[in-house]
Amino acid sequence: MFKRFIALEWKQFSRSSYFQKGIAIKILLALGALYFIGMAAFMGVTGYFGIQKFMPDKDPITVVNNFVIYWFLADMVFRYFLQQLPVLNIKPYMVIPIKRSTVIHFLLGKTSVSFFNFLPMFFFLPFSITSLVNGDYLVINVVAWLFSMLFFTLSINYLNFLLNKNNKVFYGILTVLVAAGLLQYYQVYSITEPAGYFFNTIYEKPYAVVIPLLLMVMLYRFNFKFIRKDFYLDGAISKETKEVHTQELTWLNRFGKVAPFLKNDVRMIIRNKRPKQVLFMSFLFLFYGVIFYPQESYQDMPAFLAFASMFVTGGFLMSFGQLVPSWDSEYYKLLMSQNIPYREYLKSKWSLMVVAVVISFILSTPYIYFGWDIFGMIAAGALFNMGLNSFITLYGGVLNQVPMELNVKAKAFSNTQGFNPTQLLIALPKIFGPMLIFYLPYKFINFETGIICLAVSGVLGLAFTNFFLNQIEKVYQKQKYKTIAAFSEKK
Amino acid sequence: MISVSNLSKSYNGVTVLNIESLDIPAGESFGLVGNNGAGKTTFFSLLLDLIQPSSGYIKNKNIIVSESEEWKPFTSSFIDESFLIGYLTAEEYFYFIGDLRGQTKADVDEFLKQYEDFFNDEILQKKKYLRDLSKGNQKKAGIIAALIGKPDVVILDEPFANLDPTTQIRLKKIIKDLDENTGTTILISSHDLIHVTEVCKRIVVLDKGETVKDIQTSQATLEELEAYFNK
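Chains as they are written, first to last, in the working numbering: chain A, 18 to 508; chain B, 1083 to 1313.
Chain A on its own, in the form it takes in the complex (with noise of 0.2 Å):
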């Protein structure tokens, strides 16, 4: 049975659309992929020597093990918002003779060869040999570990199962995480402590793999039983209706004509699964600095520092702006046909981009601890952002037209709703702009110019505003047909 399961399932990859989409954006993916692979086998390969060199007099495994627990749940974290959940859509095997058990059981292992399940491995696998073959390790411990981080890895993968499903889950885990975090963060007590010794134990003896081993079993066994018990029309595989409330949003009132369209913007992002995905994206675009500004080799190449700044707050610019109109293409037939001004729409999706540069910008001032010259990057790359960033960004909008599903989490590596490889040439000012606008003044005159130019570079793009709104809405309408016909394309 599994046999046809999985032809159907090669079926349904490789006659669906996005694989029959172009050969740039599949490469683009898989090199995507390679990166994350590249980078896990790296550390994974250089790590032993890595902690040998810089901690000299600690044990490598230990060090990894003392650690392990954040990687586990940043794993999680990752997981709830990037990975999606295969469904196999089990209606049709409902009435043929089946068992159900193996319908499941199909289920839960399609979820096991996730691209989350394998990073990992490249990452413990190369360490652990490193780390039998250059230290003075028993084999059988090292095995017994890798095995453990495997099983842990899985159980994550199904824990991620349940997190999604199940709402008590999704809370107990939320409220225990919470209160761990409070309590390091308040030095009360410290989790990462016992944790990193319950891993070392497992390291030390080898019969504890049992331990993970078991915690995958239940997990799977309890997914097992949840979606049994649910293997009806009105179960598992009807959608989630959960009660909601009309919101009135009345405070966005004070934007007049673009009101309405705001609300509705808010009330996207709030309501479905991918918007929220970019939110969270977004979030992470925070902390794109801490990665460039302790560094001391980017401390002389200013225009990377540049680059980093505008980064730090068009997170949300960038990640929502560029799949504007996609957003809307559930029902793009609707706002061209009723009374709505163009302009009005592309303002709202404008004025939410800028609204978010600027929160981003007050999230940003922590930055203040690297400096002032840093934060005024920041604070020009900001203005950047605003007047120009946004413009453009909208502007590469309309070349993609690829429809949307609003409410479906797009899945790491293998989705490419919503993305063109246009986008990737309108990306290019994006990138360079602040640069060239900085390093030019820079290199010329001094810093401060260069801040300057890439602020005032910002407040006349701003200053422009209704030109280059007017500008992209003729581009806007002349798509109109063409991207009407895209977006009622069936998925």
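Worth flagging that the hints you see were computed from the coordinates, not collected in a lab.
Where is the CB? At the ideal position from N, CA and C, for every residue including glycine.
A portion of the hints provided could be inaccurate.
Straight-line distance between alpha carbons at most 25 Å, and here's what the computed SDA-like set of lysine to any residue pairs gives [claimed, not checked]:
#: 1; chain 1: A; residue 1: K290; chain 2: B; residue 2: R1183
#: 2; chain 1: A; residue 1: K274; chain 2: B; residue 2: G1109
#: 3; chain 1: B; residue 1: K1217; chain 2: A; residue 2: P109
#: 4; chain 1: A; residue 1: K497; chain 2: B; residue 2: V1096
#: 5; chain 1: A; residue 1: K499; chain 2: B; residue 2: F1200
#: 6; chain 1: A; residue 1: K495; chain 2: B; residue 2: K1209
#: 7; chain 1: B; residue 1: K1143; chain 2: A; residue 2: N356
#: 8; chain 1: B; residue 1: K1255; chain 2: B; residue 2: G1109
#: 9; chain 1: A; residue 1: K499; chain 2: B; residue 2: Y1310
#: 10; chain 1: A; residue 1: K495; chain 2: B; residue 2: E1151
#: 11; chain 1: A; residue 1: K491; chain 2: B; residue 2: R1183
#: 12; chain 1: A; residue 1: K182; chain 2: B; residue 2: K1209
#: 13; chain 1: A; residue 1: K497; chain 2: B; residue 2: E1163
#: 14; chain 1: A; residue 1: K495; chain 2: B; residue 2: K1143
#: 15; chain 1: B; residue 1: K1283; chain 2: B; residue 2: S1164
#: 16; chain 1: A; residue 1: K127; chain 2: A; residue 2: L176
#: 17; chain 1: A; residue 1: K499; chain 2: B; residue 2: E1151
#: 18; chain 1: B; residue 1: K1187; chain 2: A; residue 2: I357
#: 19; chain 1: B; residue 1: K1255; chain 2: B; residue 2: E1292
#: 20; chain 1: A; residue 1: K20; chain 2: A; residue 2: I115
#: 21; chain 1: A; residue 1: K222; chain 2: A; residue 2: L163
#: 22; chain 1: A; residue 1: K274; chain 2: B; residue 2: E1280
#: 23; chain 1: A; residue 1: K274; chain 2: B; residue 2: E1151
#: 24; chain 1: B; residue 1: K1208; chain 2: A; residue 2: L266
Ranges between beta-carbon positions, derived for each pair [as the list claims (entries may be wrong)]:
#: 25; chain 1: A; residue 1: K499; chain 2: B; residue 2: N1312; range: 46 to 56 Å
#: 26; chain 1: A; residue 1: L51; chain 2: B; residue 2: A1188; range: 31 to 41 Å
#: 27; chain 1: B; residue 1: Y1139; chain 2: A; residue 2: E506; range: 44 to 54 Å
#: 28; chain 1: A; residue 1: V205; chain 2: B; residue 2: D1162; range: 33 to 43 Å
#: 29; chain 1: B; residue 1: D1162; chain 2: A; residue 2: F239; range: 40 to 50 Å
#: 30; chain 1: B; residue 1: A1188; chain 2: A; residue 2: T119; range: 36 to 46 Å
#: 31; chain 1: A; residue 1: L266; chain 2: B; residue 2: K1295; range: 25 to 35 Å
Here the structure of chain A is known, so what remains is to put chain B in place on it, guided by the hints.
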């Protein structure tokens, strides 16, 4: 109100719609029937400027729809579910459409009151997003939303499909009311010959993109249509 001249639409050389001329006077209730692929939805899409004509044009109150957007303020439509915004509750959707048509929240509330029967307690205060309503209930919400703000032209594609019998009867009453008591021009397409002959004063039959019959509805119309389709 609406006049069509030399309108045609073809895809890759295949003509799917070809109407030399068609005039729909203001206030008429106009029914469009035809088998699948006859061009009904294509015609409505052209009328709403959702697709571009291959030749000719449609005028809505003397405005060429593909050249100006001035027809939008007085034209309203419900074609399919893509006219609904799935993540809104019904109320939010009605207020949004109201906003677009210059109606305050109170106006919309007042307006919705007259359709309490039609909604049958399944639309308002349901605490559900539109995407979670059944097909029939989605349709109810969409049709009523198309009537908000007293539009001069109302376009409904297959309004009777997916509705339960009671709702179909109530919808017929609503359309007849609209026809008799207001000057609204109503355009309806339908596969249900009985319903369409009942509510429309004039019926045009499309076949393979061409108008083959143009009938002022009378006692004999239903029979005539049945005879035509029973080929």
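Structure-based check of all given hints:
1. K290/A with R1183/B: 30 Å, violated
2. K274/A with G1109/B: 31 Å, violated
3. K1217/B with P109/A: 21 Å, holds
4. K497/A with V1096/B: 23 Å, holds
5. K499/A with F1200/B: 37 Å, violated
6. K495/A with K1209/B: 39 Å, violated
7. K1143/B with N356/A: The hint holds at about 16 Å.
8. K1255/B with G1109/B: 16 Å, holds
9. K499/A with Y1310/B: With Cα atoms ~37 Å apart, K499/A and Y1310/B exceed 25 Å; violated.
10. K495/A with E1151/B: 13 Å, holds
11. K491/A with R1183/B: Judged against 25 Å, a Cα distance of about 24 Å means the pair holds.
12. K182/A with K1209/B: 21 Å, holds
13. K497/A with E1163/B: Judged against 25 Å, a Cα distance of about 20 Å means the pair holds.
14. K495/A with K1143/B: 24 Å, holds
15. K1283/B with S1164/B: 29 Å, violated
16. K127/A with L176/A: Roughly 14 Å between the alpha carbons, so the hint for K127/A and L176/A holds.
17. K499/A with E1151/B: It holds: about 17 Å lies between the C-alpha atoms, which stays within 25 Å.
18. K1187/B with I357/A: 18 Å, holds
19. K1255/B with E1292/B: Judged against 25 Å, a Cα distance of about 30 Å means the pair is violated.
20. K20/A with I115/A: Answer holds: K20/A to I115/A is near 13 Å, not above 25 Å.
21. K222/A with L163/A: 13 Å, holds
22. K274/A with E1280/B: 41 Å, violated
23. K274/A with E1151/B: 18 Å, holds
24. K1208/B with L266/A: 19 Å, holds
25. K499/A with N1312/B: 46 to 56 Å: 41 Å, violated
26. L51/A with A1188/B: 31 to 41 Å: 59 Å, violated
27. Y1139/B with E506/A: 44 to 54 Å: 26 Å, violated
28. V205/A with D1162/B: 33 to 43 Å: 57 Å, violated
29. D1162/B with F239/A: 40 to 50 Å: 41 Å, holds
30. A1188/B with T119/A: 36 to 46 Å: Roughly 58 Å apart at Cβ, these two residues miss the hinted range, so it is violated.
31. L266/A with K1295/B: 25 to 35 Å: Check failed, 50 Å falls outside 25 to 35 Å.
When each numbered hint is compared with the structure, violations occur for hints 1, 2, 5, 6, 9, 15, 19, 22, 25, 26, 27, 28, 30 and 31.
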